[in-house]
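S.K.: Sequence:
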Amino acid sequence: MKLQMHSIHFDADRKLIDFIQKKADKLDTYYDRIIDGEVFMRLDKNDNNSNKIVEIKLNVPGKQFFAKHQTDSFEGAADEAIEGLRRQIKKHKEKVVLVRQ
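Counting along the sequence shown from 1, when you hit position 86 you're at 86 in UniProt numbering, and nothing is skipped either side.
Just so you know, the hints here were simulated from the structure itself, not pulled from any lab data.
It is possible that some hints are incorrect.
Cβ-Cβ distance ranges computed for the label pairs, FRET-style [claimed, not checked]:
(1) S50 x D28: 40 to 46 Å
(2) V97 x D11: 40 to 46 Å
(3) K15 x R87: 34 to 40 Å
With a straight-line Cα cutoff of 30 Å, these simulated DSSO-like cross-link-like pairs (lysine-lysine) come out [as the list claims (entries may be wrong)]:
(4) K95 x K2
(5) K91 x K57
(6) K45 x K93
(7) K26 x K57
(8) K26 x K95
(9) K52 x K22
(10) K45 x K57
(11) K95 x K52
(12) K15 x K26
(13) K23 x K2
(14) K63 x K93
(15) K45 x K91
Computed from a predicted model, the values in this text were never measured in an experiment.
Positions of the beta carbon are idealized from the N, C-alpha and C atoms, including for glycine.
Could you build all of it, start to finish, from the sequences and the hints given here?
M.R.: Shown next, in the form of structure tokens:
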């Protein structure tokens with residue numbers, strides 16, 4: 001799946017981008033009609049350790065999925081955001097199947 005990566009207030013390294021791409025590609029196993037998506041990685045300007053935010057937007061025909069998570073690492077935030085998207089996709093897919101029956 002084609003993902004546009006945006007890092008805000010910092011420069012993301014290749015390892016982080018590849019990690020998020022690899023995790024997001026697994027969403028294709030749940031729903032194969034994902035068109036594309038955008039990932040926003042940003043550093044929040046607060047003093048605590050949980051200042052890394054990952055927002056992911058996915059486009060599917062007729063719908064858009066969105067998940068946002070904040071934690072102390074971009075990898076952890078990406079994992080949680082992708083897990084949220086996985087749940088949304090599964091729920092959407094179940095609704096689509098019910099409508100077709």
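S.K.: Hints first: check each against the structure and report whether it holds.
M.R.: These are the hints, each one checked on the structure:
The beta-carbon spacing between S50 and D28, approximately 30 Å, falls outside the hinted interval of 40 to 46 Å. At roughly 42 Å, the beta-carbon separation of V97 and D11 lies within the given 40 to 46 Å, and the hint holds. In this structure the supplied range 34 to 40 Å is violated for K15 paired with R87, their Cβ-Cβ distance being about 27 Å. With a CA separation close to 25 Å, the supplied pair K95 and K2 stays within the 30 Å bound.
Note on K91 and K57: the hinted pairing holds, with a Cα-Cα distance of about 16 Å set against a maximum of 30 Å. The suggested pairing of K45 with K93 is violated, with an alpha-carbon distance near 37 Å, which exceeds 30 Å. Proposed proximity of K26 and K57 is supported: the alpha carbons are some 15 Å apart, at most 30 Å. Only pairs whose Cα atoms come within 30 Å are accepted, and K26 paired with K95 is accepted, the gap being roughly 21 Å.
Of the supplied pair hints, the one linking K52 and K22 holds, its CA atoms being roughly 19 Å apart against a limit of 30 Å. Using a Cα cut-off of 30 Å, the hinted pair K45 and K57 holds, with the two alpha carbons roughly 22 Å apart. With a C-alpha separation of about 33 Å, the suggested pairing of K95 with K52 is violated against the 30 Å cut-off. Restraint check for K15 and K26: the C-alpha separation of about 17 Å stays at or below 30 Å, so the hint holds.
In summary, the hint linking K23 to K2 is supported, as the alpha carbons are separated by about 13 Å, within the 30 Å threshold. Straight-line distance between C-alpha atoms of K63 and K93 comes to about 12 Å, which keeps the hinted pair within the 30 Å bound. A distance of roughly 34 Å separates the Cα atoms of K45 and K91; the hinted pair therefore is violated under the 30 Å criterion.
Checked against the numbered hints given earlier, this structure breaks hints 1, 3, 6, 11 and 15; the rest are met.
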